[in-house]
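**Q** Sequence:
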Amino acid sequence: ILAAALASLLPLPAYPSTHRKLLVFLLDGFRFDYIDDSELEGLPGFRDIVNMGVKVDYMTPDFPSLSYPNYYTLMTGRHCEVHQMIGNYMWDQKANVSFDIGVNKESLLPLWWNGSEPLWVTMMKEKKNVSMYYWPGCEVEILGVRPSYCREYFSVPTDKNFADAISDALESLRNGSAEMAAVYYERIDVEGHHYGPSSQQRKSALKEVDKALSNMITLIKSKGLQDDLNVLLFSDHGMTDISWVDKVIELKNYINMSDTIQIKDRGPVVSLWPAPEKQAEIYKKLKAVEHMHVYNRQDIPDRFFYKKGQFVSPLTLVAEEGWFIVE
Numbered sequence: 001i002l003a004a005a006l007a008s009l010l011p012l013p014a015y016p017s018t019h020r021k022l023l024v025f026l027l028d029g030f031r032f033d034y035i036d037d038s039e040l041e042g043l044p045g046f047r048d049i050v051n052m053g054v055k056v057d058y059m060t061p062d063f064p065s066l067s068y069p070n071y072y073t074l075m076t077g078r079h080c081e082v083h084q085m086i087g088n089y090m091w092d093q094k095a096n097v098s099f100d101i102g103v104n105k106e107s108l109l110p111l112w113w114n115g116s117e118p119l120w121v122t123m124m125k126e127k128k129n130v131s132m133y134y135w136p137g138c139e140v141e142i143l144g145v146r147p148s149y150c151r152e153y154f155s156v157p158t159d160k161n162f163a164d165a166i167s168d169a170l171e172s173l174r175n176g177s178a179e180m181a182a183v184y185y186e187r188i189d190v191e192g193h194h195y196g197p198s199s200q201q202r203k204s205a206l207k208e209v210d211k212a213l214s215n216m217i218t219l220i221k222s223k224g225l226q227d228d229l230n231v232l233l234f235s236d237h238g239m240t241d242i243s244w245v246d247k248v249i250e251l252k253n254y255i256n257m258s259d260t261i262q263i264k265d266r267g268p269v270v271s272l273w274p275a276p277e278k279q280a281e282i283y284k285k286l287k288a289v290e291h292m293h294v295y296n297r298q299d300i301p302d303r304f305f306y307k308k309g310q311f312v313s314p315l316t317l318v319a320e321e322g323w324f325i326v327e
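Sequential numbering of the sequence shown, starting at 1, is according to full-length UniProt numbering.
Treat the hints loosely; a few may be bogus.
Unchecked claim - Only pairs whose alpha carbons sit at most 16 Å apart, straight line, appear in this in silico EDC-like list of lysine to aspartate or glutamate:
id, residue 1, residue 2
1, K264, D241
2, K203, D36
3, K203, D241
4, K21, D227
5, K203, E41
6, K264, E126
7, K252, E281
8, K207, E327
9, K211, D159
10, K105, D159
11, K252, E141
Hint data in this document are derived by calculation from the structure and do not stem from the laboratory.
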C-alpha cells in the first residue's frame with residue numbers, strides 16, 4: 001500500500017500559490033514494500049517523487065482489504081459500514097440485485113454508491129470541475145452528480161492508456177478545464193493476482209508505472225504546473241502469496257451448499273446467506289473449520305467498522321493470511 005504526496009515537483013517558489021490543483025493516482029494492489037528503500041534505487045520515477053515529497057511507510061486498509069470497499073473509503077474518508085461499499089461482490093436481498101465487481105449493469109445503480117459522498121462529488125458541488133480516467137464509478141450518477149469528464153473503464157487499461165491518461169489529465173489541469181484529475185492503474189494488481197506479488201510480471205508492471213511517473217515529472221515542468229499542483233498516489237490494498245495446493249478451504253467439503261441462498265466472492269473474505277432455518281447449523285459446521293473465522297453478523301468485531309453495513313450478509317467468513325476460501 002502506497003501513499004505519497006508532493007508539495008511540489010520543484011523547490012518551492014518564494015511566494016507559493018495558496019490554491020493548488022490536485023492530481024490523484026490509484027495504483028491498485030500496490031503493496032507497501034514495492035517501493036521500500038532497497039527497491040527505490042531501481043525506480044527513478046518513484047525515487048524522484050519520494051525525494052521531492054512525502055512517503056508514508058504503510059497504510060492500513062479498511063476491512064475487508066479488497067478493491068471496491070477501499071476505493072470508496074479512500075475517496076469518502078469513511079469506513080465501509082458508513083459508505084456501504086462493503087465488498088467487490090454484494091447482494092441486496094430485498095431488491096434481489098447484485099453488485100459484481102462493477103462489471104454488471106446493476107453495479108452502476110446509485111443504490112451501491114449513495115451511502116457517502118466521494119471527493120469528486122464534493123468538488124463538483126463546489127463548482128470545481130473534475131476529470132477522471134478509468135476510475136471505478138466515475139460513470140455513475142452519485143447523489144445526483146457526475147464528474148465533468150469520465151473516461152470509462154471497460155477493460156484493464158494498457159500502459160499506453162495510462163501514459164495517455166496522465167498527459168490528458170495534466171493538460172486538463174493546465175488549461176483550466178479541471179481543478180482535480182484522477183487516474184486509475186490496474187496492471188500491478190492484475191499481474192499480482194495472476195502470477196503472485198513476487199513475480200517478474202508484477203515487477204514489470206511496476207517498472208512501467210515508474211517510467212510513466214518520470215515522464216509525468218517532465219510534463220509537469222514543461223506545462224508550468226510545478227508551482228500550482230499537488231500530486232497524491234495511494235493504493236487500495238496489498239497482497240500476499242498463497243499456495244493453491246494446500247491452502248484452499250472448499251466450503252462444499254463442510255456444508256451442504258443447497259442449504260445456502262447466496263454466496264458472494266471467493267478469497268480471503270466471503271459473504272454467505274444461509275437458509276434462515278439452516279443458519280445455526282451452518283455456523284456450527286464452519287466454526288470448526290481450521291484456518292478460517294466465521295462470524296454471525298452481530299458478532300463481527302467492532303474494530304472492523306463493517307457489521308452495520310446495509311449489505312452485510314448473515315455470515316461472514318474470513319481466512320487466515322495465506323489461505324483462500326472457495327465454494
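**Q** Evaluate each hint against the coordinates.
**A** How the hints compare with the structure:
no. : hint           : verdict
1   : K264 with D241 : 22 Å, violated
2   : K203 with D36  : 13 Å, holds
3   : K203 with D241 : 15 Å, holds
4   : K21 with D227  : 10 Å, holds
5   : K203 with E41  : 14 Å, holds
6   : K264 with E126 : 37 Å, violated
7   : K252 with E281 : 14 Å, holds
8   : K207 with E327 : 36 Å, violated
9   : K211 with D159 : 10 Å, holds
10  : K105 with D159 : 26 Å, violated
11  : K252 with E141 : 39 Å, violated
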